[in-house]
Amino acid sequence: MSLRRKIALWYVSTLVVLFLVFSLSLCLLLKKTEERSLELELFAKAEELEDALEQAPADAWPGILKDFPVQVAQIYEVSADEIKVLLSKPQGYPPLGLKEAERWAKRGIKGEYLLLSESLDGEVYDVVFMKLSEETPVKIVAVASSLEGVTKTVRHLVLIVLMVMPLLVVLAFLTSNILVKVSLTPVRRVIETAKAISVEDLSKRIPEVETKDEIGELVRTFNSMMEKLEESVNAIKRFSSDAAHELKTPLTALKSHLEFLLRENRCSDCEMELRQVLARVDRLIHIVNSLLVLAKLDSMDVRNLKNRVALDVVVLEVFERFQQQAQKRAIKLLIDRVDPVEVIGDAVLLSQAISNIVDNAVKFTPSGGEVRISLVKDGDKARLSISDTGVGMSQEELGKIFSYLYRGDPSRSERVPGIGLGLTIAKRIFELHDASVKVESDPGRGTSFHITFITQD
Amino acid sequence: MSGFGRERILVVEDDQYIADLLKQILEKEGYVARTASNGAEGLFMASSNSFDLIVLDVMLPELDGFSVCSALRDKGINVPVLMLTVKDSVDDKVEGLSRGADDYLTKPFSIEELLARVKALLRRFKGYKSVLKVADLELDPVSRRVRRAGVEIELSPKEFDILELLVRSMGKVIGERAILKEVWGLDCTKSNILKVYMHHLRQKVDRGFDKKLIRTVRGVGYMIDVS
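Respectively, the protein sequence lines represent chains A and B. For our numbering, count along the first sequence from 1 and bump the result up by 35. For our numbering, count along the second sequence from 1 and bump the result up by 29.
Note that these hints are calculated values from the structure, not bench results. A few of these clues could be false.
[Stated by the list, open to error] Here are the simulated lysine-lysine pairs, DSS-like style, with alpha carbons at most 27 Å apart:
no., chain 1, residue 1, chain 2, residue 2
1, B, Lys187, B, Lys224
2, A, Lys367, B, Lys224
3, A, Lys341, A, Lys239
4, B, Lys162, A, Lys416
5, B, Lys241, B, Lys201
6, A, Lys80, A, Lys67
7, B, Lys224, A, Lys412
8, B, Lys57, B, Lys104
9, A, Lys341, A, Lys473
10, A, Lys341, B, Lys233
11, B, Lys210, B, Lys162
12, B, Lys187, B, Lys162
13, A, Lys416, A, Lys363
14, A, Lys412, B, Lys233
15, B, Lys155, B, Lys52
16, B, Lys210, A, Lys367
17, A, Lys363, B, Lys187
18, B, Lys148, B, Lys104
19, B, Lys187, A, Lys412
20, A, Lys363, B, Lys224
21, A, Lys416, B, Lys52
22, A, Lys462, A, Lys412
23, A, Lys41, A, Lys247
24, A, Lys398, A, Lys363
25, A, Lys462, A, Lys367
26, A, Lys341, A, Lys363
27, B, Lys148, B, Lys201
28, A, Lys435, A, Lys331
29, A, Lys80, A, Lys145
30, B, Lys187, A, Lys416
31, A, Lys230, A, Lys67
32, A, Lys462, A, Lys331
33, A, Lys363, B, Lys148
34, A, Lys435, A, Lys398
35, A, Lys341, B, Lys187
36, A, Lys367, B, Lys187
37, A, Lys412, B, Lys241
38, B, Lys210, A, Lys363
Note that this is a predicted model, so its numbers are computed, not measured.
Chain A with its partners taken away, still in its complex shape (with noise of 0.2 Å):
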């Protein structure tokens, strides 16, 4: 459920109970003035019949009850054992509480009233008992109004209120939601935003808003935050570009001086020794070099890969590079078919994979062997294979090879140079290009590097 519809739900929760409570309240309100107002007016009716009756003879009483504008009146007689009713208005009505009546005749003190309920075929009264005169036999005057009326009332505003209730909840529903959407907009927008940026562009920011609520501050927050990792990012960056600068140019000062002093045969009585040396270095140079692609391909996006490069020359050119070495160790390095193929991408960062896997070839292929390249292309694929026949690897050991510092078999890596990083720098490099990659290999027969490009025209 989205914070919209979380919002405005409890939104129209609340305002619906809010709603319900103040309707009852208003109703129990309602209730309570009403039934006042009621005994209010009875009381004041039955002190004006107690007057009327009091100043006119008794045989005038059925006249006055009759024209006395109130629902029920009745008089009663109470004797030492008996009570009856004298009149009553309107004629023959059943009385309305005889046992109350004879209480008062005894406690009651004349002028004093009994305001009391009375239930009588189902409908409620307010009765009001008076003393007409103390000597016996004693007059009791009952004057009743019944509550009917103010239950009609307040039904009739319970029905509006279940009425008003789901227009109610339509309406808060309505109004919620256009709210909420409305202030919930620049939310959108720090989304929309978080979803443009990526590594490569940092720099896009959530545009200021003026607020001072919880959005403005959000935003001000996100874009504080992004400030902050585009500035370590950069750092990052500028790092790896600072280490290779710095790593390398003592590297090739020590290189180029290795080289000259054998190239000059200026210590021939330690010319193995330096020669020694100068193969560590060229390892080290090879590991810092291997470091600084990694840390580059960890930041770099496929979207910067638009270069086209044909591919074939690059296969060529590492093919040349490797020459002097598979001479050297006696392996023979064929290229059997290269067809001209173009693909998008880095042609330092192919080149450089492709090397890896060929220098992989060479080392691990015993003298005599053979490798052979070849780059085939087939409608939009290019498929480069590079196989050798060399020591090959099992099933388990070719699960692995890709793996970070992965070196093979101790027992005959312990002779070959290198970090077990050169795989693992081609596979992303080639992922990166959008290239599957697929080895085949056969322990003590060979293996086969198969990579299928996506070729470009």
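Following the hints, put chain B in place on chain A, whose structure we already have.
Chain B in isolation, oriented as in the chain A frame:
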């Protein structure tokens, strides 16, 4: 020993150790070498003296190698420039070459390779500066551009070298061995690399034209045929 008749090379490199070493190496090879330790000094020396070649580092204080190179070209000084850099990205190479550098070498390099490039650059710029023409094929040894019937043909550096060699010895057959030695410095005939290159070169130069310029002389070598 006077410097007369020897080729003069300017080394612009901020690392003193490397600069001195390069000077020694180049002088041992018989060149006259001078050093400059920053871009501004390098530009000044290159503009006020006549050099046959400049070895130019990219990362230099004050004025970087790219800027020195384009400043030289702006002044109309067309001395060959060999760029040295620690960065081995295509963009850097493209930048260097577009600013007017003639070749590009990544540090750390082997001195064999450095000397080979220096030699090749000097040879390229000595004498043979005029555009070579065979039939409708034009070949410019300085800008290393090739056109056939007015349309530019893109060649890899090795393809260009082979074609230049063939054009210069127009009408004569050049043996496979000689081409391998001249273009690659290789002294072996077992390799089939030349066949692959010749195949590519033919595709680029002769494809779509009735007149085939490159001819194979079976068992001997290749030649440019203008008959």
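Hints and how they fare:
1. Lys187/B / Lys224/B: holds (13 Å)
2. Lys367/A / Lys224/B: holds (16 Å)
3. Lys341/A / Lys239/A: This hinted pair holds, its Cα atoms lying about 22 Å apart.
4. Lys162/B / Lys416/A: This hinted pair is violated, its Cα atoms lying about 38 Å apart.
5. Lys241/B / Lys201/B: Holds: Lys241/B and Lys201/B sit about 16 Å apart, inside 27 Å.
6. Lys80/A / Lys67/A: Distance of about 20 Å is within 27 Å: holds.
7. Lys224/B / Lys412/A: It holds: about 18 Å lies between the C-alpha atoms, which stays within 27 Å.
8. Lys57/B / Lys104/B: Distance ~31 Å between Lys57/B and Lys104/B Cα, so the pair is violated.
9. Lys341/A / Lys473/A: Answer holds: Lys341/A to Lys473/A is near 25 Å, not above 27 Å.
10. Lys341/A / Lys233/B: Measuring from Cα to Cα gives roughly 23 Å; hence the hint holds.
11. Lys210/B / Lys162/B: Holds - the C-alpha atoms of Lys162/B and Lys210/B are around 24 Å apart, at most 27 Å.
12. Lys187/B / Lys162/B: holds (19 Å)
13. Lys416/A / Lys363/A: violated (35 Å)
14. Lys412/A / Lys233/B: OK: Lys412/A and Lys233/B at ~17 Å, within 27 Å.
15. Lys155/B / Lys52/B: holds (22 Å)
16. Lys210/B / Lys367/A: Satisfied, since the Cα-Cα distance of roughly 19 Å is no more than 27 Å.
17. Lys363/A / Lys187/B: Holds, at roughly 23 Å.
18. Lys148/B / Lys104/B: It holds: about 25 Å lies between the C-alpha atoms, which stays within 27 Å.
19. Lys187/B / Lys412/A: holds (22 Å)
20. Lys363/A / Lys224/B: The given pair, whose Cα atoms are some 23 Å apart, holds under the 27 Å limit.
21. Lys416/A / Lys52/B: Given pair Lys416/A, Lys52/B is violated - Cα atoms ~49 Å apart, limit 27 Å.
22. Lys462/A / Lys412/A: holds (21 Å)
23. Lys41/A / Lys247/A: Between Lys41/A and Lys247/A the Cα gap is close to 24 Å, so the pair holds against 27 Å.
24. Lys398/A / Lys363/A: The hint holds at about 11 Å.
25. Lys462/A / Lys367/A: holds (25 Å)
26. Lys341/A / Lys363/A: Violated: Lys341/A and Lys363/A sit about 38 Å apart, past 27 Å.
27. Lys148/B / Lys201/B: Given that 27 Å is the threshold and the Cα spacing comes to 25 Å, the pair holds.
28. Lys435/A / Lys331/A: holds (23 Å)
29. Lys80/A / Lys145/A: holds (16 Å)
30. Lys187/B / Lys416/A: Judged against 27 Å, a Cα distance of about 26 Å means the pair holds.
31. Lys230/A / Lys67/A: violated (62 Å)
32. Lys462/A / Lys331/A: holds (14 Å)
33. Lys363/A / Lys148/B: Holds. Lys363/A to Lys148/B sits at ~26 Å (cutoff 27 Å).
34. Lys435/A / Lys398/A: Within the cut-off at roughly 18 Å; holds.
35. Lys341/A / Lys187/B: Measuring from Cα to Cα gives roughly 24 Å; hence the hint holds.
36. Lys367/A / Lys187/B: holds (22 Å)
37. Lys412/A / Lys241/B: holds (25 Å)
38. Lys210/B / Lys363/A: Holds. Lys210/B to Lys363/A sits at ~18 Å (cutoff 27 Å).
The earlier numbered hints that this structure contradicts are 4, 8, 13, 21, 26 and 31.
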